[in-house]
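Asks: Top to bottom, those sequences are chains A and B.
Note that our numbering gives residue 208 to position 208 of the first sequence, counting from 1, and the numbers run on in steps of one.
Note that our numbering gives residue 1323 to position 323 of the second sequence, counting from 1, and the numbers run on in steps of one.
Please keep in mind that the hints were generated in silico from the structure rather than gathered at the bench.
Note that the Cβ used here is the ideal one computed from N, Cα and C, for glycine as well.
Worth double-checking, as some hints may not be accurate.
Claimed, not checked - Label-pair restraints from in silico Cβ distances:
(1) W1409/B to E113/A: 46 to 56 Å
(2) P1008/B to G440/A: 28 to 38 Å
(3) P1008/B to R74/A: 52 to 62 Å
(4) E291/A to E1307/B: 52 to 62 Å
(5) E299/A to A1112/B: 19 to 29 Å
(6) E113/A to K1003/B: 55 to 65 Å
(7) L1007/B to E113/A: 53 to 63 Å
(8) P1433/B to S295/A: 23 to 33 Å
(9) D1321/B to E113/A: 45 to 55 Å
Unchecked claim - Below, a list of computed lysine-lysine pairs in the DSBU-like style, where the Cα atoms sit at most 35 Å apart:
(10) K220/A to K28/A
(11) K1003/B to K1022/B
(12) K68/A to K220/A
(13) K1324/B to K432/A
(14) K68/A to K1274/B
(15) K1367/B to K1324/B
(16) K3/A to K28/A
(17) K68/A to K367/A
(18) K1432/B to K1022/B
(19) K369/A to K28/A
(20) K1028/B to K220/A
(21) K3/A to K324/A
(22) K1324/B to K1274/B
(23) K1220/B to K367/A
(24) K1344/B to K1369/B
(25) K220/A to K1367/B
(26) K1220/B to K1028/B
(27) K432/A to K1220/B
(28) K220/A to K1003/B
(29) K344/A to K369/A
Protein chains: 2
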Amino acid sequence: MGKVVDLPRNEEGISAALGILKQQFGEKFQSGQSVREQHGHTTTWIRNQAPDAVVFVRSTEEVSDVVKVCAAHRVPVIAYGTGTSLEGHVNAPAGGVCIDLTEMNQIVAVHAEDLDCVVQPGVTREQLNTYLRDQGLFFPIDPGANASLGGMASTRASGTNAVRYGTMKDNVLALEVVLPSGEVIRTASRAKKSSAGYDLTRLMVGAEGTLGIITEITLKLQGIPEAMSSARCSFETVDDACQAVMATIQYGIPVARIELLDAMSVGAANAYSKLDLPETPLLLLEFHGSENSVSEQAEMFGSIAEEFGGSGFDWTARPEDRTKLWQARHDMYWASMGLRPGAKGISTDVCVPISRLAECVTAAQEKAKELNLLAPIVGHVGDGNFHALPLVDMEDADEVERADAFVSWLNDLAISMDGTCTGEHGIGQGKKPYLLRELGGAVDVMVAVKQAIDPDNIMNPGKII
Amino acid sequence: MGKVVDLPRNEEGISAALGILKQQFGEKFQSGQSVREQHGHTTTWIRNQAPDAVVFVRSTEEVSDVVKVCAAHRVPVIAYGTGTSLEGHVNAPAGGVCIDLTEMNQIVAVHAEDLDCVVQPGVTREQLNTYLRDQGLFFPIDPGANASLGGMASTRASGTNAVRYGTMKDNVLALEVVLPSGEVIRTASRAKKSSAGYDLTRLMVGAEGTLGIITEITLKLQGIPEAMSSARCSFETVDDACQAVMATIQYGIPVARIELLDAMSVGAANAYSKLDLPETPLLLLEFHGSENSVSEQAEMFGSIAEEFGGSGFDWTARPEDRTKLWQARHDMYWASMGLRPGAKGISTDVCVPISRLAECVTAAQEKAKELNLLAPIVGHVGDGNFHALPLVDMEDADEVERADAFVSWLNDLAISMDGTCTGEHGIGQGKKPYLLRELGGAVDVMVAVKQAIDPDNIMNPGKII
Chain A
1 MGKVVDLPRN EEGISAALGI LKQQFGEKFQ SGQSVREQHG HTTTWIRNQA
51 PDAVVFVRST EEVSDVVKVC AAHRVPVIAY GTGTSLEGHV NAPAGGVCID
101 LTEMNQIVAV HAEDLDCVVQ PGVTREQLNT YLRDQGLFFP IDPGANASLG
151 GMASTRASGT NAVRYGTMKD NVLALEVVLP SGEVIRTASR AKKSSAGYDL
201 TRLMVGAEGT LGIITEITLK LQGIPEAMSS ARCSFETVDD ACQAVMATIQ
251 YGIPVARIEL LDAMSVGAAN AYSKLDLPET PLLLLEFHGS ENSVSEQAEM
301 FGSIAEEFGG SGFDWTARPE DRTKLWQARH DMYWASMGLR PGAKGISTDV
351 CVPISRLAEC VTAAQEKAKE LNLLAPIVGH VGDGNFHALP LVDMEDADEV
401 ERADAFVSWL NDLAISMDGT CTGEHGIGQG KKPYLLRELG GAVDVMVAVK
451 QAIDPDNIMN PGKII
Chain B
1001 MGKVVDLPRN EEGISAALGI LKQQFGEKFQ SGQSVREQHG HTTTWIRNQA
1051 PDAVVFVRST EEVSDVVKVC AAHRVPVIAY GTGTSLEGHV NAPAGGVCID
1101 LTEMNQIVAV HAEDLDCVVQ PGVTREQLNT YLRDQGLFFP IDPGANASLG
1151 GMASTRASGT NAVRYGTMKD NVLALEVVLP SGEVIRTASR AKKSSAGYDL
1201 TRLMVGAEGT LGIITEITLK LQGIPEAMSS ARCSFETVDD ACQAVMATIQ
1251 YGIPVARIEL LDAMSVGAAN AYSKLDLPET PLLLLEFHGS ENSVSEQAEM
1301 FGSIAEEFGG SGFDWTARPE DRTKLWQARH DMYWASMGLR PGAKGISTDV
1351 CVPISRLAEC VTAAQEKAKE LNLLAPIVGH VGDGNFHALP LVDMEDADEV
1401 ERADAFVSWL NDLAISMDGT CTGEHGIGQG KKPYLLRELG GAVDVMVAVK
1451 QAIDPDNIMN PGKII
């Protein structure tokens, strides 16, 4: 746990590349320790492996220039958006150059008639949605953090709205990518669908910057629904709540969000967000559609919930009530951390077929108890995806070991249920062993693709494979 | 037009492989001329290039066995489903062995609770939907032909329902694939979403059998909607009809189908399907949802249609009326052919951003007129995708040349509008020059991926790249 390895460094190449980049980029080149460490991975249990320098770029040409210098000297290149990823994605285990894309934050075009837009990778989802609001449009993917869209594409992010609107793989139409050679390609047109050759868009989405650096993204947009409503309902057991979720999906109710909080998480939310919810498993839902449709959806869910012993069912279309509920959901990470101040949260994100969800969540609760770990659970349960978050005293070697055993056990359990060890966070450094257990020989194909596109392994080395 | 080239043949290898396969597969190995020609491409303008032999397989192991023999002797392998693809996908320009997958037609599992199923590649979409009906489930992708699901995955097929349910890329959860080495991999788990490494599922979907042979497919399913309704509406011009489509999509009406027939196509449908529709541009729509929702959707569309001068607006939830309407739409290929008996139909499938659709369709009509070609148009217009179908006397060299010029002009026009030359048919042999014009340097990345996975180029050579 936390024991990421350092990889061999190409000292000569790094030194040469840094010299050239410093001259070429002036003040946009920085190599002070604090800047470097800020660009290594710090938000979770994985230790920081800082790059040797950071270049703050403003254009595709500048990205290409940096990559060309690094390619010539076989120096690692790591793309950086907001640093909110959770599996060591921006660490530099072999050193190298971090390309900070936060200043590439232009919204290049909004094609309202086509329901799409073109953005630079440093645009964050909140920035985009603020910009779009006046045009009656929104971008639905919401991973919680105000992540950059380049980072979200690179980790194939999803979150609360994915049950209705899909993940980044479903919402990226096309990419501009700087390849490991520095060459710039476009992966697709703006057409809504295409059968034009291999799907390079989907190959780059989720590649975690290991095949190239995304410098422009064409995204699908949605019209802001005429109406939205939210609902909540408490259940006696996780199993009852999950059965209600399964029925909701099977009935084809087009829920926009359907989130589970286990009893421990509800307790945390009550304390952090000053709520007074019953401390039993809770479902939070959101419905999008016409006025009629959202009330119809809420009522239909209400009937289903009743069937599975739901209580305290309540729905509202009042914006302030909706906001309060979802703010509490969004604050769950901090609320959970509040259960044990000073501890580190070790984020997991297994995703299983929905028929196995109740079993998987219940088993995770029991296993945590057995290992004497505090591990609240929240989940994007409409997709079978949930986060158990062991809160660990990193100074306690025995507890760290137990947490490690828990994570390993949980990932293996999900894999054994024909699920995945990562529904939305990605592999990065943290989940590499599980990828192999999950997909076996397919990982050899990934290695072949990586070698074909990045033969010198300069693009974010040490991640995925 | 129709001038596909023959590629160099590895006579020695082919002879050796055929000898081994004949012994190994007995009656399941066939090399008679008529069987071979049936397995080459015959349904469109592209001339037949028959394989040297056909092996009728029944299991993944048998596919792997054939591929291993072919790999050892560097002999081309071409997968065959129903042969309904349109761009020479099953032709054998360098000879080799066709693997006929029609007997791999088992529905392996239906997981109703998870809304997914596992099928062999020879299962057709109609076979699957017949099987699912009693369970209240359906598979929504409908390319018109009763294609095999392996073939549909391989061409990234879509069709009339894609506007609501997406294309094959959106509906395949995981694949089992026999690699060019004969090794068998699984690309993903049954989880609804995943961030586990490179998206090999999406890499194989649309790869047209050039990276491996799909031997098992895990598909997302949908619950059969509580209610369905259909609507039709005539417009004075293609522009009016397209404006109505754009407004419908922008308003977020979740249409399940929205199809355009131009005036010439309506004439063809009237003659073929014995209808009496006004011979002006027509939209056909289908709505899925609850009873309330489908009537609400139909009424909303009615208001939009009125705004754009629509006339004869009519909607129905009566199954027999719906069936008649959609049968006529499905028969459009034959109805169009009826406009000029004896001619060959040259299928095109450009897809453009919806804001350019009216312009693109209108320009195509004018260009066809200018070139003195008969080219009825139908389209999956909610996605900006349409088919202009020049009906050509293949004995008339001048007309063939004009048709060739038309197709080339249309593909280039779509590309210039930031669209694609192929929304759903694939590249195959027919569209290779356009792929390069559309995606430029990205094609080099496709070549690198192909070489990495299939270094001896035995998998469906001469297609895509």
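Asks: The hint says 23 to 33 Å between P1433/B and S295/A; measuring C-beta to C-beta, is that right?
Replies: violated (54 Å)
Asks: Holds or violated: K68/A with K1274/B, Cα cutoff 35 Å?
Replies: Outside the cut-off at roughly 65 Å; violated.
Asks: Does K1274/B sit within 35 Å of K1324/B, going by the straight-line distance between their CA atoms?
Replies: Distance ~10 Å between K1324/B and K1274/B Cα, so the pair holds.
Asks: Just tell me: holds or violated, for the beta carbon distance of E113/A and K1003/B against 55 to 65 Å?
Replies: Given range 55 to 65 Å: violated, Cβ gap about 39 Å.
Asks: Take the C-alpha atoms of K1344/B and K1369/B, compute the straight-line distance between them, and say whether it is at most 35 Å.
Replies: Between K1344/B and K1369/B the Cα gap is close to 18 Å, so the pair holds against 35 Å.
Asks: May I ask you to test the hint 19 to 29 Å on the CB atoms belonging to E299/A and A1112/B?
Replies: Since the Cβ atoms of E299/A and A1112/B sit about 24 Å apart, the hinted range of 19 to 29 Å holds.
Asks: Would you mind confirming whether the straight-line C-alpha gap from K220/A to K1003/B stays at or under 35 Å?
Replies: violated (38 Å)
Asks: Mind checking the alpha carbons of K1324/B and K432/A for me, to see if they're no more than 35 Å apart?
Replies: Violated, at roughly 54 Å.
Asks: Can you confirm whether the C-alpha distance between K1220/B and K1028/B stays at or below 35 Å?
Replies: Between K1220/B and K1028/B the Cα gap is close to 32 Å, so the pair holds against 35 Å.
Asks: Would the pair K1028/B and K220/A pass a check requiring their Cα atoms to be no farther apart than 35 Å?
Replies: violated (48 Å)
Asks: Between W1409/B and E113/A, does the beta-carbon spacing fit 46 to 56 Å?
Replies: violated (24 Å)
Asks: For the pair we were handed, K68/A and K220/A, check the Cα-Cα distance against 35 Å.
Replies: holds (31 Å)
Hint violations for this structure: numbers 1, 3, 4, 6, 7, 8, 9, 13, 14, 17, 19, 20, 21 and 28, all remaining hints satisfied.
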